[in-house]
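Asks: As you go down the protein sequences, you meet chains A and B in turn. Just so it is clear: in the first sequence, position 160 is 159 by numbering that gives the first Met the number 0, and no numbers are missing. Just so it is clear: in the second sequence, position 143 is 142 by numbering that gives the first Met the number 0, and no numbers are missing.
In short, the hints are calculated from the structure, not lab data. Keep in mind that this is a model prediction, so the values were computed, not measured. Glycine is no exception: its CB is placed at the ideal position from the N, C-alpha and C atoms. It is possible that part of the hints are untrue.
[As the list claims (entries may be wrong)] Take a look, some chain B residues computed to stay more than 12 Å from chain A by CB distance:
no.	residue
1	T3
2	R7
3	I21
4	F64
5	E101
6	P143
7	E150
[Stated by the list, open to error] Per the computed footprint, the stretches of chain A lying under chain B, defined by three or more beta-carbons under 8 Å from a beta-carbon of chain B, are:
no.	region
8	187-194
9	197-205
10	308-318
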Amino acid sequence: MVDSSKVPVSGAGETGADTGKAERVWRAGGLDPMPIRKLPDAPPAIHLLGPTVFLVALGVGMGESYMWPRLVLVFGPEIRWLFLIGVTLQAVVMLEMARYAMATGESIFTGAARVFKPLMWFFFAVAILVYIWPGHLSAGAAAFEEITGIPWVLTACIALVLVGVVFTLAKVIYNLLENVLSLLIGTLVVGTAIVASLVGSWGDLSSTITGMFNFGYFPSDAMSSTWFPIVVGAIAFAGPSGMQQMWYTLHLRDSGAGMGAHVPKIRGLRHASEQEEMPARGFMFDTSDPDEMKKWKGWRRWVTFDALLLFWGITMLVTVSFTVLAQAAARENPNVRSLIEGGDRDAALNAMSDAFASVGGSVLGGVFFGFIALIGLNATLGLFDSFSRGQADMTYFFVPGAKRFKISHLYAFFLWAVIIFGILILNFGPADGPSGVLDILAFLSTFAMGAYCVVLLLVNNRMLPKPIRPKWWSNVIIGFGAVFYLGMLFYSLFRFGVVVS
Amino acid sequence: MDTTRLLRLGELALPGLVVGLIAGAVAGGLAGIVGQPIGWALVSMLALGVPLALLGGAYGLLAAFRKVRIGAFAPAALFWLVGFPLARLAHEVLTHLILVGEPQLPPDVLGFLAYQGIISAGFAIGFLWLHERIAPRWWRRMAPHNPEAAEIYAVYAAYAKHVYEQRQARRRSRGRATTQQR
Numbered sequence: 000m001v002d003s004s005k006v007p008v009s010g011a012g013e014t015g016a017d018t019g020k021a022e023r024v025w026r027a028g029g030l031d032p033m034p035i036r037k038l039p040d041a042p043p044a045i046h047l048l049g050p051t052v053f054l055v056a057l058g059v060g061m062g063e064s065y066m067w068p069r070l071v072l073v074f075g076p077e078i079r080w081l082f083l084i085g086v087t088l089q090a091v092v093m094l095e096m097a098r099y100a101m102a103t104g105e106s107i108f109t110g111a112a113r114v115f116k117p118l119m120w121f122f123f124a125v126a127i128l129v130y131i132w133p134g135h136l137s138a139g140a141a142a143f144e145e146i147t148g149i150p151w152v153l154t155a156c157i158a159l160v161l162v163g164v165v166f167t168l169a170k171v172i173y174n175l176l177e178n179v180l181s182l183l184i185g186t187l188v189v190g191t192a193i194v195a196s197l198v199g200s201w202g203d204l205s206s207t208i209t210g211m212f213n214f215g216y217f218p219s220d221a222m223s224s225t226w227f228p229i230v231v232g233a234i235a236f237a238g239p240s241g242m243q244q245m246w247y248t249l250h251l252r253d254s255g256a257g258m259g260a261h262v263p264k265i266r267g268l269r270h271a272s273e274q275e276e277m278p279a280r281g282f283m284f285d286t287s288d289p290d291e292m293k294k295w296k297g298w299r300r301w302v303t304f305d306a307l308l309l310f311w312g313i314t315m316l317v318t319v320s321f322t323v324l325a326q327a328a329a330r331e332n333p334n335v336r337s338l339i340e341g342g343d344r345d346a347a348l349n350a351m352s353d354a355f356a357s358v359g360g361s362v363l364g365g366v367f368f369g370f371i372a373l374i375g376l377n378a379t380l381g382l383f384d385s386f387s388r389g390q391a392d393m394t395y396f397f398v399p400g401a402k403r404f405k406i407s408h409l410y411a412f413f414l415w416a417v418i419i420f421g422i423l424i425l426n427f428g429p430a431d432g433p434s435g436v437l438d439i440l441a442f443l444s445t446f447a448m449g450a451y452c453v454v455l456l457l458v459n460n461r462m463l464p465k466p467i468r469p470k471w472w473s474n475v476i477i478g479f480g481a482v483f484y485l486g487m488l489f490y491s492l493f494r495f496g497v498v499v500s
Numbered sequence: 000m001d002t003t004r005l006l007r008l009g010e011l012a013l014p015g016l017v018v019g020l021i022a023g024a025v026a027g028g029l030a031g032i033v034g035q036p037i038g039w040a041l042v043s044m045l046a047l048g049v050p051l052a053l054l055g056g057a058y059g060l061l062a063a064f065r066k067v068r069i070g071a072f073a074p075a076a077l078f079w080l081v082g083f084p085l086a087r088l089a090h091e092v093l094t095h096l097i098l099v100g101e102p103q104l105p106p107d108v109l110g111f112l113a114y115q116g117i118i119s120a121g122f123a124i125g126f127l128w129l130h131e132r133i134a135p136r137w138w139r140r141m142a143p144h145n146p147e148a149a150e151i152y153a154v155y156a157a158y159a160k161h162v163y164e165q166r167q168a169r170r171r172s173r174g175r176a177t178t179q180q181r
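Taking the hints into account, I'd like the entire structure generated from these sequences.
Replies: Here's what the structure looks like:
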């Protein structure tokens, strides 16, 4: 084996022009070096859909459909400049997450372990603490109860078992999930556009959009101990929150993007015997070869298109639409305003539905709940898969002895563990987590976002060859992200004694 | 134009037509579930669904005959920038005509069209997203008896084959590397 790195200890260096017969490698950090392999060609424009569908499914949730419309009703559309900052920051984070995953075929968790292994274990623990609680099921299942009358706990339990069975029977989980989520999100996007076109008006839309450019607007009420943590939470939950961006690197790998093409896909438990052996580390391409660099630029174009149009565009569309809907509802029924401002989510969603019913016929009330249920279903499918994928990845590569199992077995173990725990908690415990630790969970979720910005800076600037490292402006934005998330979190904690809400 | 030709064109247009109809059905399809008068739901569904379905079918034909770049967003966005506001205008006029008895334009038609034009960008993303999922599979089914469907499907198949060959080549190289390491 020949080490092509010129500075092997730190991992910084070039995939140089070593032409010896022995295998060339890229040495990065403390883990096994990555063998040099060919980078596949980037897909042409025909390949419209990518793994961004997972990020959209996870990211478009209560933040977009409830939290931001609420802030707009309380503080006016001008507050939306903070949403613009939050989502744009997340789009850049997405591009940087993709940089490492596409260049190496490794997840960002492995990247973190290359820098300093305890960083990876921190995220392993945070994922378990934050994401085993089935509270995210409640809004969607409650909306389904509004339409059908079926008790929400029953729906949630059935949904949990169904998700488990489907993911267990799937031959390749990624392919199945990408197809299902694509159809669900396509329907959500088309439907949201239609409903916004029926209910909203030019005035609502223009105030919502122009409000996004009122940079610096921050009313004094927003600085109160009641609202500041809510505003911070809403910014952190604009687009994907918590660890969702980190899981995106696993979906990129399974979609075969960049060097992820050299890594086998995860199979469902029923097809675990067909699971190919996972390589012990990722791969690197020859960054000194102009042809390879040309292909790399093609991949960057592809993921940039995904980030801007699909992720940024759809997240914006859904939030703008729901904000327009909330404004129309509040105009129609002043009671909605007080309910939404009051913070009772279920009452507010009910009132919004009633208001739509009086604007566009009561059908729209049902349609509204249909969308909330759809958003809940997308998030549940995405979260369960992502959680299991992330934990299985870290366990397989870093828990001693775990390689005795196939990665499909580990995936199935985490999937069914979280499902069984979820069913028990839904029936016998607090769905969001014990009230005593709710603040800690909210803190960890936002802290993880600041932490992954720091990890991204370290991983992309120290573990990748120089020609494919991020540009200075991208580093500045990610650095700003770290300061933004951690700064707001700690300011809220020390100034008001409250973590994000 | 003979019947066979018309049928073949219909087959090419069907995926776009279905997506347009699904979008229209959103406005009225859930009515049955929430127990609303079926007549109201049907009028709303058809008055919006039919114009969107016709336009969706037209887009499918443009894609099938390669008049627009398949899978690309810009042509779809331009198409719906014009088409979506027109469909919504037809929806407003037709709904009034059927439910009230006389057609009526929305107040401030220009503002209405401008608003719908902006919303059309979101609709275009969703439409294209669904169309690209459904159309290639449908065209493959039609290919044996519809030369134009076969032709457009061949474009998708060529891309899929290219991806498959790349994957096979990688598998082979992975297999060789493993053998060498042993």
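Asks: Could you run down the list of hints and mark each one as holding or not?
Replies: Okay, the hints, checked on the actual structure:
no.: 1; hint: T3; in the structure: 29 Å, holds
no.: 2; hint: R7; in the structure: 23 Å, holds
no.: 3; hint: I21; in the structure: 7 Å, violated
no.: 4; hint: F64; in the structure: 16 Å, holds
no.: 5; hint: E101; in the structure: 19 Å, holds
no.: 6; hint: P143; in the structure: 23 Å, holds
no.: 7; hint: E150; in the structure: 15 Å, holds
no.: 8; hint: 187-194; in the structure: holds (count 8)
no.: 9; hint: 197-205; in the structure: holds (count 5)
no.: 10; hint: 308-318; in the structure: holds (count 5)
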